[in-house]
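Here is what each chain is made of, one letter per residue.
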Amino acid sequence: MTVKDIIEKLDLKCLNEVNLDAEVEGAYASDLLSDVMGNARSGQVWITMQTHKNVTAIASLKDMPAVIIVRDGVPDPDMLQHAKDEDICLLVSHDATFQVCGKLYELIK
Amino acid sequence: MHYTFKIERGNFTDAGQASSSVKRTLKQLGVDPVNIKRTVVALFEAEINAVAHAYGGTIDVDIDGEKIVMVVADEGPGIPNIDLAMQEGWSTASPQVREMGYGAGMGLPNIKKNTDDLKIDTKIGVGTTVTMTVYLT
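Top to bottom, those sequences are chains Y and L. For the first sequence, counting from 1, position 81 maps to 80 in numbering that gives the first Met the number 0; every step adds exactly one. For the second sequence, counting from 1, position 14 maps to 13 in numbering that gives the first Met the number 0; every step adds exactly one.
The reader is advised that the hints may include incorrect statements.
As the list claims (entries may be wrong) - In silico DSSO-like links for lysine-lysine, alpha-carbon gap of 27 Å or less:
id: 1; chain 1: Y; residue 1: Lys83; chain 2: L; residue 2: Lys122
id: 2; chain 1: L; residue 1: Lys36; chain 2: Y; residue 2: Lys108
id: 3; chain 1: L; residue 1: Lys118; chain 2: Y; residue 2: Lys83
id: 4; chain 1: L; residue 1: Lys36; chain 2: Y; residue 2: Lys83
id: 5; chain 1: L; residue 1: Lys118; chain 2: L; residue 2: Lys66
id: 6; chain 1: Y; residue 1: Lys102; chain 2: Y; residue 2: Lys8
Calculated from the structure, these hints are not laboratory results.
With these hints in hand, go ahead and build the complete structure from the sequences.
Now the structure itself:
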């Protein structure tokens with residue numbers, strides 16, 4: 000399963016077309032940054048409603064290929080720029096965290 | 000190899016630059032990915048702690064063939080009770096910091112878990128120096 004596959008199957012809006020062929024090995028859903036810092040693994044996609052630049056900073060440090068912002072969240076301009084600079088694919092879903100997790104789990108479990 | 004970075008009070012926008020730069024260097028040096036991950040988790044958390052709680056400070060990173068030593072020294076309020084601060088879930092972060100997704104009381108425990116040696120020197124009203132070591136061998 001690649002980032003591109005997930006965009007298609009979950010009908011996500013892609014804000015910067017990078018990392019599309021990166022392999023997705025799972026996902027981590029959390030809005031607590033230290034939780035992700037401590038427990039997420041490389042290759043996982045991060046599902047969150049946080050929309051600031053520290054999210055992409057952590058995603059980059061943890062080698063996470065993409066971030067899915069839930070409920071049509073709008074990233075801060077510097078987050079979007081940072082995602083472009085760091086090659087993190089920034090995705091937006093109309094769904095809430097629960098639905099995104101459920102759909103992704105069905106695809107990746 | 001020695002690197003120095005500045006920490007500015009409340010500047011979350013640039014937080015993570017030190018960790019990001021150290022990560023790039025360690026990758027270039029061919030350091031084991033597990034140790035790179037441990038190092039950047041600890042450094043990022045310490046940096047965020049200083050940005051969130053202190054009035055400013057510096058980060059010094061020394062890398063040699065055996066270890067990575069990171070010293071995050073801030074001028075700030077100090078930590079009144081280190082035992083409580085080390086406890087998972089304990090936090091004195093402001094509501095604004097919590098809104099960003101910080102303040103879950105996981106920062107220092109994350110640092111402890113990801114370093115081989117952790118030393119915290121703190122003086123109330125003066126500041127805190129956190130010294131973290133990751134051994135490479």
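Cross-check of the supplied hints:
1. As the CA atoms of Y:Lys83 and L:Lys122 are separated by approximately 41 Å, the hinted pair breaks the 27 Å bound.
2. Taking the CA atoms of L:Lys36 and Y:Lys108, the gap is about 25 Å. The hint holds against a cut of 27 Å.
3. With a CA separation close to 37 Å, the supplied pair L:Lys118 and Y:Lys83 exceeds the 27 Å bound.
4. With a CA separation close to 22 Å, the supplied pair L:Lys36 and Y:Lys83 stays within the 27 Å bound.
5. Among the hinted pairs, L:Lys118 with L:Lys66 is consistent with the structure: their alpha-carbon atoms are about 15 Å apart, no more than 27 Å.
6. Between Y:Lys102 and Y:Lys8 the alpha-carbon distance is near 9 Å, which keeps this suggested pair within the 27 Å criterion.
The structure shown violates the earlier hints numbered 1, 3.
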